[in-house]
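Novice: Just so we're aligned, residue 1 is where the sequence shown starts under the numbering used here, counting upward by one.
Take these hints with a grain of salt, some might be off.
To be verified - Restraint ranges, calculated between C-beta atoms of paired labels, are given here:
| # | residue 1 | residue 2 | range |
| --- | --- | --- | --- |
| 1 | Leu23 | Ser74 | 51 to 59 Å |
| 2 | Ser138 | Gly25 | 58 to 66 Å |
| 3 | Ser35 | Ala12 | 53 to 61 Å |
| 4 | Gly85 | Met107 | 24 to 32 Å |
| 5 | Glu99 | Ala38 | 43 to 51 Å |
| 6 | Pro123 | Ser35 | 56 to 64 Å |
| 7 | Ala76 | Phe26 | 41 to 49 Å |
| 8 | Leu16 | Tyr128 | 25 to 33 Å |
| 9 | Thr132 | Ala38 | 41 to 49 Å |
| 10 | Glu99 | Glu41 | 19 to 27 Å |
| 11 | Ala82 | Leu121 | 18 to 26 Å |
| 12 | Ala126 | Ser66 | 27 to 35 Å |
| 13 | Pro103 | Glu56 | 22 to 30 Å |
Derived from the structure by calculation, the hints contain no laboratory data. Computed from a predicted structure; not experimentally measured. No residue lacks a Cβ here, since even glycine has one placed at the ideal position from N, Cα and C.
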Amino acid sequence: MKASQDGFALVAAIVLVAVLAALAGFVASMIGGQSAGAQLERMSRIAERAAQTGVEWGGFRVVRSSPAAVCPASAALPPLAAYPGVSVAVTCTAFATSEPRIPGPGMVTVYQVSATASYGLVPANADYVQRTRMAIYSR
1 MKASQDGFAL VAAIVLVAVL AALAGFVASM IGGQSAGAQL ERMSRIAERA AQTGVEWGGF
61 RVVRSSPAAV CPASAALPPL AAYPGVSVAV TCTAFATSEP RIPGPGMVTV YQVSATASYG
121 LVPANADYVQ RTRMAIYSR
């Protein structure tokens, strides 16, 4: 072996280790980013389902209450066991129409029920998700 080639294997090994370390760092950062994205997606789905639960609760109160519809202007659902950490606010607005109710006396009333579900503590934080759902019922 010539004297000019001494240490070539050491340089090649150092370069190889540096490249592998950079690759490992890149993979670790990608996995961390995907994990945070998956967590945010999960929180978004939970908030969406909780908002749908609020709309269904409001619709049930409008459609099933008797003799008159119960349409709370604003209500907060109690904590939901299926969605811990989620708060749900439900609003309801009634609109009178000139359509006659068939069968029966009176006019049809249209109700707009809106539910907003929030998951997280502070809206400015990256781990905060808010979803709103709306439905229209008539009675």
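Novice: All the hints need checking, so say for each whether the structure fits it.
Specialist: So, going through the hints one by one against the coordinates:
no. : hint                          : result
1   : Leu23 with Ser74: 51 to 59 Å  : holds, 55 Å
2   : Ser138 with Gly25: 58 to 66 Å : holds, 59 Å
3   : Ser35 with Ala12: 53 to 61 Å  : violated, 35 Å
4   : Gly85 with Met107: 24 to 32 Å : violated, 42 Å
5   : Glu99 with Ala38: 43 to 51 Å  : holds, 48 Å
6   : Pro123 with Ser35: 56 to 64 Å : violated, 23 Å
7   : Ala76 with Phe26: 41 to 49 Å  : holds, 46 Å
8   : Leu16 with Tyr128: 25 to 33 Å : violated, 44 Å
9   : Thr132 with Ala38: 41 to 49 Å : violated, 23 Å
10  : Glu99 with Glu41: 19 to 27 Å  : violated, 42 Å
11  : Ala82 with Leu121: 18 to 26 Å : holds, 20 Å
12  : Ala126 with Ser66: 27 to 35 Å : violated, 46 Å
13  : Pro103 with Glu56: 22 to 30 Å : holds, 26 Å
Violated hints for the displayed structure, listed by number in ascending order: 3, 4, 6, 8, 9, 10, 12.
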